[in-house]
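Make the full structure from the sequences, and use the hints.
Same order as they appear, the protein sequences are chains A and B. The first sequence begins at 1 in the working numbering and counts up one residue at a time. The second sequence begins at 251 in the working numbering and counts up one residue at a time.
Everything labelled a hint here was simulated from the structure, so no lab data went into it. Some hints here could point you the wrong way.
Derived, one-sided and incomplete: chain A residues facing chain B with beta-carbon distance under 10 Å [as the list claims (entries may be wrong)]: (1) 14; (2) 27; (3) 29; (4) 37; (5) 80; (6) 183; (7) 186; (8) 187; (9) 189; (10) 200.
Within a straight-line C-alpha distance of at most 20 Å, the following computed DMTMM-like cross-link-like pairs (lysine to aspartate or glutamate) qualify [to be verified]: (11) A:18 - B:595; (12) A:34 - B:403; (13) A:197 - B:585; (14) A:197 - B:573; (15) A:18 - B:602; (16) A:25 - B:403; (17) A:197 - B:595; (18) B:543 - B:576; (19) B:499 - A:29; (20) A:195 - B:585; (21) A:198 - B:581; (22) A:198 - B:510; (23) A:147 - A:46; (24) A:34 - B:585; (25) B:627 - B:573; (26) A:18 - B:403; (27) A:34 - B:595; (28) A:68 - B:576; (29) A:195 - B:602; (30) A:18 - B:398; (31) A:197 - B:510; (32) A:199 - B:581.
No residue lacks a Cβ here, since even glycine has one placed at the ideal position from N, Cα and C.
One-letter residues, chain by chain:
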Amino acid sequence: MSGRILVGVKRCIDYAVKVRVRADKMGVETANVKMSMNPFDEIGVEEALRLREKGKAKEVVALSIGPKQCQETLRTALAMGVDRAIHVESPDTIEPLNVAKVFKRVIEQEKPDLVIIGKQAIDDDANQTGQMIAGMLGWPQSTHTSKVEMDGTTLKVTREIDGGTQDITLGTPAVITTDLRLNEPRYATLPNIMKAKKKPMDTKTLADFGVDAAARMEIVQVEEPPQRQAGIVVADVAQLVAELKGKGVL
Amino acid sequence: SSSSSSSSSSSSSSALSSSSPWSASSQYGQLCADDVNFFRETLGNDAVLTEPDDLVSFNQDWMQKYRGHSPLVLLPRNTAEVSAILRHCHTRRLPLVPQGGNTGLVGGSVPRGTEIVLSLRRLRRILSFDPASGAVSCEAGVVLQTLDEYLAEQGHRVPLDLAAKGSCQIGGNVSTNAGGIRYLRYGSLHGSVLGLEVVLSDGTILGGSGATALRKDNTGYHLKNLFIGAEGTLGVVTGVTLLTPSRLKSTNVAYLACQDYESVVNTFRNAAARAGLGEILSAFEFQDSYALKVVLDNLPNSRSPLQDQYPFYALIETSGSNEDHDRQKLEAFLDQVMSSQLVLDGVLAQSETQANQIWSLREGVAESMQRSGYVYKYDLSLPLARMYQLVQDTRKRIGELGYVVGYGHLGDSNLHLNVSTKEASNEVLGLLEPFLYQQTREYGGSVSAEHGIGQAKLDYLSYSKSAAEIATMRKLKALFDPHNILNPNKVFSME
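Have a look at this one:
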């Protein structure tokens with residue numbers, strides 16, 4: 001056991017921002033738009049820090065794959081309390097398969113006991129990367145995790161599933177993807193923000209890992225969902241009944 | 251028709267709702283069926299409310315402290331209709347209360363007796379926006395948040411911000427010269443308002459539709475400034491042209507903990523200095539531990555961002571156009587206040603969601619106090635160094651009888667001192683007034699920094715204004731409203 005936890009963090013459009021479709025309908029507007037850490041990844045960072053604080057791990061390392069600005073996201077992770085950061089530079093849009101391949105190579109180098117990432121990113125909602133990583137490595141995985149208990153090399157987790165929850169036991173090393181109810185992430189405190197400046201951040205390129213960024217999907221068009229139609233105010237019950245009948249509901 | 255009140259659970263019933271004998275004064279006409287018919291014919295049936303159930307929310311203020319008995323609410327759709335209403339009321343000598351979002355905190359927006367309620371809520375069109383100057387023209391009933399969202403699309407923002415923004419209307423903001431959390435950065439509405447459209451007590455319309463959008467205009471007296479802050483007693487605001495600043499890209503919010511009030515003040519002084527945050531500082535608010543506790547106890551899903559508890563908290567916001575520059579400046583400032591021990595701990599928001607959560611700890615105080623009991627609210631301007639002493643003195647005076655919180659716009663030397671009790675108590679009232687106002691007068695402060703006089707502080711106007719000033723105000727009132735039909739018995743009592 002290395003005592004190391006690897007957390008993945010993705011830089012996405014901030015959750016509070018109202019997303020707009022670009023004029024060319026090939027994507028969403030990202031210019032001049034506030035970006036932040038994917039909220040599910042924040043939950044992952046928090047869980048890793050708690051495990052370290054409970055003595056279940058010795059070191060938490062954050063990994064982000066993307067353009068130079070990802071270093072800001074990594075700095076947030078460091079400011080929350082992560083020990084070390086790795087930035088792998090890549091073009092802005094990189095698909096989950098290629099992300100998983102980079103993770104695999106980094107995992108082979110860092111040898112973590114546990115890999116924690118968000119169940120999905122709030123920009124593409126792909127919900128694929130964690131599963132692919134586990135598949136590539138032949139590791140056990142717990143997705144949509146809402147509770148984690150670690151005892152030596154055994155993990156007891158609770159997963160959110162349709163119809164309720166599921167408790168399973170896994171051996172380590174393993175991949176965990178986080179769900180909303182796992183924890184409430186801490187804020188970055190001033191003392192930790194100051195400390196973060198001295199923490200190491202390694203920068204690498206895709207080429208260092210022999211991974212290419214070739215897209216295997218082509219975006220044809222991006223559209224906003226249809227606008228909600230205005231309702232009408234009816235004068236009385238008789239009109240209500242007539243309208244409902246007219247719509248075939250009654 | 252739907253209620254215009256913002257969310258608030260009912261506190262215990264007020265022992266202080268007023269029903270003045272003067273509303274039956276002989277100087278006024280008696281509202282009769284002919285008047286109601288005139289309004290129905292002029293405005294349409296759906297703009298005239300007379301059913302008791304429909305009138306409740308218009309007659310009661312947000313704090314449920316002041317209850318009027320208006321039998322009639324009018325909902326005109328445009329300035330011409332407002333003018334027709336006023337012309338009629340002027341002839342018939344019928345008193346009325348102009349009402350916007352009804353979120354005022356001094357009972358200025360509800361009737362004291364049976365005055366007609368003139369609601370501006372249907373004047374809600376945004377008329378135009380000039381991208382070159384940032385001037386926006388709109389009608390008085392536009393909700394502040396709606397206006398801000400519209401401006402966001404244009405890359406601009408409203409120059410004021412307050413917790414009531416989801417319900418308050420720009421006409422009411424102008425009539426009360428509303429302040430809020432961005433006052434520190436953008437100043438008062440006296441500076442931001444370029445023009446007003448106002449209907450006078452006899453129905454005369456001042457200002458064109460869409461009002462003037464000139465940046466500079468020194469031709470004669472600046473009449474618009476008379477109406478800003480007049481609380482609807484000199485004229486009814488129906489249209490506003492507002493100068494709006496650019497919406498700046500880079501915003502940061504920090505929440506800091508201090509050991510004592512002096513440290514908070516020194517932190518502010520450092521922040522405001524050029525060498526500190528200087529031009530990027532956009533808000534500096536404070537709250538004591540009592541004010542934070544009431545929020546954590548009453549607002550669902552709220553939590554302190556810090557591990558430990560401290561006596562004082564400061565909320566600092568910066569906004570600028572360059573993220574890297576602002577981040578560097580802010581981190582240098584935070585480093586300095588931490589290493590000098592002015593600040594013991596703090597957090598910096600890493601996302602919009604975190605920034606909003608931090609703001610809710612400060613903006614949620616008023617609502618949390620409402621949920622916890624009957625609230626006595628004081629809004630005072632005081633010398634910065636002396637501000638918190640008053641809170642401590644009040645806490646000592648009140649003892650077990652109530653829960654005292656101190657918070658507010660520290661950057662503007664504006665204290666909000668609130669006391670909550672299980673129910674209205676004359677004993678508690680007697681301990682607070684005139685004590686607080688006397689203390690304020692002694693320090694040359696203002697008995698109402700931003701909330702206005704309304705009906706709540708009628709008796710205390712003289713604590714902050716001289717007899718000569720009040721006499722001059724009365725002369726202006728008599729000039730603009732000879733029949734005293736515009737929001738009577740607000741700001742000053744009738745002679």
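Results for each hint:
1. Satisfaction of the interface hint for residue 14 of chain A is found here, the shortest Cβ-Cβ separation to chain B being roughly 5 Å, below the 10 Å cut-off.
2. About 20 Å separates the beta-carbon of residue 27 of chain A from the nearest beta-carbon of chain B, more than 10 Å, and the hint is not met.
3. Residue-level restraint check for residue 29 of chain A is violated (minimum Cβ-Cβ distance to chain B is 12 Å; threshold 10 Å).
4. Of the supplied interface hints, the one on residue 37 of chain A holds, with its beta-carbon coming within about 7 Å of a beta-carbon of chain B, less than 10 Å.
5. Hint on residue 80 of chain A holds. Least Cβ distance to chain B is approximately 8 Å, under the 10 Å limit.
6. The criterion of a C-beta within 10 Å of any C-beta in chain B is not met by residue 183 of chain A, whose closest approach is roughly 12 Å, and the hint is violated.
7. Look at residue 186 of chain A: its Cβ gets to within about 8 Å of chain B, closer than 10 Å, so that hint holds up.
8. A hinted interface residue such as residue 187 of chain A counts as satisfied when its beta carbon comes closer than 10 Å to some beta carbon of chain B; here the least separation is about 4 Å, so the hint holds.
9. For residue 189 of chain A, the interface hint holds, the least distance from its beta-carbon to any beta-carbon of chain B being 5 Å, beneath 10 Å.
10. At its closest, the beta carbon of residue 200 of chain A sits 19 Å from a beta carbon of chain B; the interface hint therefore is violated under the 10 Å criterion.
11. Taking the CA atoms of residue 18 of chain A and residue 595 of chain B, the gap is about 32 Å. The hint is violated against a cut of 20 Å.
12. At most 20 Å may separate the alpha-carbon atoms for a hinted pair to count; residue 34 of chain A and residue 403 of chain B meet this at roughly 15 Å.
13. Of the supplied pair hints, the one linking residue 197 of chain A and residue 585 of chain B holds, its CA atoms being roughly 12 Å apart against a limit of 20 Å.
14. The suggested pairing of residue 197 of chain A with residue 573 of chain B holds, with an alpha-carbon distance near 17 Å, which does not exceed 20 Å.
15. A hinted pair counts as satisfied when its Cα atoms are at most 20 Å apart, and residue 18 of chain A with residue 602 of chain B qualifies at roughly 12 Å.
16. A threshold of 20 Å between alpha carbons decides the hint, and for residue 25 of chain A with residue 403 of chain B the separation of about 19 Å falls inside it, so the pair holds.
17. In summary, the hint linking residue 197 of chain A to residue 595 of chain B is supported, as the alpha carbons are separated by about 17 Å, within the 20 Å threshold.
18. Between the alpha carbons of residue 543 of chain B and residue 576 of chain B the distance comes to roughly 31 Å, so the proposed pair goes past 20 Å and is violated.
19. At most 20 Å may separate the alpha-carbon atoms for a hinted pair to count; residue 499 of chain B and residue 29 of chain A meet this at roughly 15 Å.
20. Among the hinted pairs, residue 195 of chain A with residue 585 of chain B is consistent with the structure: their alpha-carbon atoms are about 11 Å apart, no more than 20 Å.
21. For the hint linking residue 198 of chain A to residue 581 of chain B, the alpha-carbon distance of about 14 Å falls within 20 Å, and the restraint holds.
22. Distance restraint check for residue 198 of chain A and residue 510 of chain B: the Cα-Cα separation of roughly 31 Å exceeds the 20 Å cut-off, and the hinted pair is therefore not satisfied.
23. As the CA atoms of residue 147 of chain A and residue 46 of chain A are separated by approximately 12 Å, the hinted pair is consistent with the 20 Å bound.
24. Between the alpha carbons of residue 34 of chain A and residue 585 of chain B the distance comes to roughly 25 Å, so the proposed pair goes past 20 Å and is violated.
25. Taking the CA atoms of residue 627 of chain B and residue 573 of chain B, the gap is near 38 Å; set against the 20 Å cutoff, the hint is violated.
26. Distance hint between residue 18 of chain A and residue 403 of chain B is fulfilled; the C-alpha atoms sit about 10 Å from each other, no more than 20 Å.
27. Annotation: proposed proximity of residue 34 of chain A to residue 595 of chain B is violated, straight-line Cα distance about 26 Å (limit 20 Å).
28. Pair hint residue 68 of chain A plus residue 576 of chain B holds up; C-alpha atoms about 19 Å apart against a cutoff of 20 Å.
29. Among the hinted pairs, residue 195 of chain A with residue 602 of chain B is inconsistent with the structure: their alpha-carbon atoms are about 23 Å apart, more than 20 Å.
30. Taken as a hint, the residue 18 of chain A and residue 398 of chain B pair is honoured in the structure, with Cα atoms around 14 Å apart against an allowance of 20 Å.
31. In summary, the hint linking residue 197 of chain A to residue 510 of chain B is not supported, as the alpha carbons are separated by about 29 Å, beyond the 20 Å threshold.
32. Of the supplied pair hints, the one linking residue 199 of chain A and residue 581 of chain B holds, its CA atoms being roughly 16 Å apart against a limit of 20 Å.
In summary, the numbered hints that this structure violates are 2, 3, 6, 10, 11, 18, 22, 24, 25, 27, 29 and 31.
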